[in-house]
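Novice: Sequence:
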Amino acid sequence: MSRRKSNSKSGSFAEYDDLVMQQERVLNTYDNGTDFPSTAKRFKLKDFDKKLKIDIVNEDEDGMVLEFDLIHVEAPIANALRRVLLAEVPTMALEKIYLYQNTSVIQDEVLCHRLGLLPVKADPRLFDWPTKRVVEVNAEGVDCEEEPEGDPERNLIFAINVSCTVNKEADPAATNPKDRFYNSHVYSDAFKWVPVGDQNEKLAEKPRLVNDDILVAKLRPGQQIEARCHCVKGVGRDHAKFSPLPRPHTACFLRSRSRRRSLERRPSDS
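Numbering of the sequence shown is given in our numbering, commencing with residue 1 and proceeding in unit increments.
Don't read these hints as lab results, they were simulated from the structure. All of these numbers come straight from a predicted model, not from anything done at the bench. Where a beta carbon is used, it is the ideal one built from N, C-alpha and C, also for glycine. Just to be clear, a hint being listed does not mean it is correct.
Distance condition first, Cα-Cα at most 27 Å in a straight line; then the derived BS3-like pairs of lysine-lysine [to be verified]:
id: 1; residue 1: 121; residue 2: 192
id: 2; residue 1: 218; residue 2: 178
id: 3; residue 1: 132; residue 2: 206
id: 4; residue 1: 168; residue 2: 121
id: 5; residue 1: 206; residue 2: 96
id: 6; residue 1: 202; residue 2: 192
id: 7; residue 1: 218; residue 2: 121
id: 8; residue 1: 132; residue 2: 241
id: 9; residue 1: 218; residue 2: 96
id: 10; residue 1: 218; residue 2: 202
For each label pair, taking beta carbons as the anchor points, the in silico distance ranges come out as [stated by the list, open to error]:
id: 11; residue 1: 21; residue 2: 175; range: 40 to 46 Å
id: 12; residue 1: 239; residue 2: 148; range: 19 to 25 Å
id: 13; residue 1: 54; residue 2: 148; range: 42 to 48 Å
id: 14; residue 1: 168; residue 2: 192; range: 22 to 28 Å
id: 15; residue 1: 56; residue 2: 23; range: 34 to 40 Å
Using the sequences provided together with the hints, build the complete structure.
Specialist: Listed below in structure tokens is the structure:
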């Protein structure tokens, strides 16, 4: 897998470890068959297996964070592994929203969709896969009218009940809604975990949303949001909300260890 060295005069080729970043494209991202002339070799699984090396950089005690380096792996193969992890690593996510009150300016469907994408921090290994729909339907094909109790082996429940009121002690000249009203901005810290069955004893770490400062909605005096949200276990190939990508505690990303070199303009592009 030899590669020609850079020509110091013309700069027409890249070093073996160079990742060349131009204004509109990134070059030299492959070990073989690169954008620059090189001695290409056919891919052989045995050779690849001998050179492949995995170094564990960091692993949390709870097993929710694992950082490792893939060495002697081409970017497309590493990216394929990343995509598999995003599609197959299970997480917990809000599946069913029981909206009891919503007098905000956000429509019920939009609000429920927004709540469903909020990342949940909970260990999915402690829960079973759902075996049926979260809510059964009645004879007319409509969701049942009553909220189910929830299965402690399969569900997590979060509740939110926020109302906006006037701050009578605020400065009359104040223009900031956060000064004039209480709960003018609804954040993710408004969700409270509701234990189901013996979850309070079984779960050592209290389930919660990943971040407390995610803006959910804005309210004005007289407006209210009340809902109960049921979580289930799932994978990203079924729905993007189960993808571990937006969750910092299970984030999956690709980072190149190659030396980076930025070229505004190459002689060959002139």
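Novice: Work down the list of hints and note, for each, if the structure agrees.
Specialist: How the hints compare with the structure:
1. For the given pair, residue 121 sits about 13 Å from residue 192 by alpha-carbon distance, which is consistent with the 27 Å threshold.
2. In summary, the hint linking residue 218 to residue 178 is supported, as the alpha carbons are separated by about 10 Å, within the 27 Å threshold.
3. Using a Cα cut-off of 27 Å, the hinted pair residue 132 and residue 206 holds, with the two alpha carbons roughly 26 Å apart.
4. For the hint pairing residue 168 with residue 121, the CA-to-CA distance comes to about 37 Å; that exceeds 27 Å, so the pair is violated.
5. At roughly 20 Å between alpha-carbon atoms, residue 206 and residue 96 fall within 27 Å of each other, so this suggested pair holds.
6. Taking the CA atoms of residue 202 and residue 192, the gap is about 18 Å. The hint holds against a cut of 27 Å.
7. A C-alpha spacing of about 24 Å is found between residue 218 and residue 121, which places the hinted pair at or below 27 Å, so the restraint holds.
8. Restraint check for residue 132 and residue 241: the C-alpha separation of about 19 Å stays at or below 27 Å, so the hint holds.
9. With a CA separation close to 22 Å, the supplied pair residue 218 and residue 96 stays within the 27 Å bound.
10. Note on residue 218 and residue 202: the hinted pairing is violated, with a Cα-Cα distance of about 36 Å set against a maximum of 27 Å.
11. The hinted window of 40 to 46 Å between residue 21 and residue 175 holds, with their beta carbons roughly 45 Å apart.
12. The hint said 19 to 25 Å for the Cβ distance between residue 239 and residue 148, and at roughly 20 Å that hint holds.
13. In this structure, residue 54 and residue 148 meet the distance hint of 42 to 48 Å, their C-beta atoms being roughly 44 Å apart.
14. As the Cβ distance of residue 168 to residue 192 is approximately 26 Å, the hint placing it in 22 to 28 Å holds.
15. Checked against the hint of 34 to 40 Å, the C-beta distance between residue 56 and residue 23 comes to roughly 37 Å, which is consistent with it.
The structure is inconsistent with the numbered hints 4 and 10, although it conforms to all the rest.
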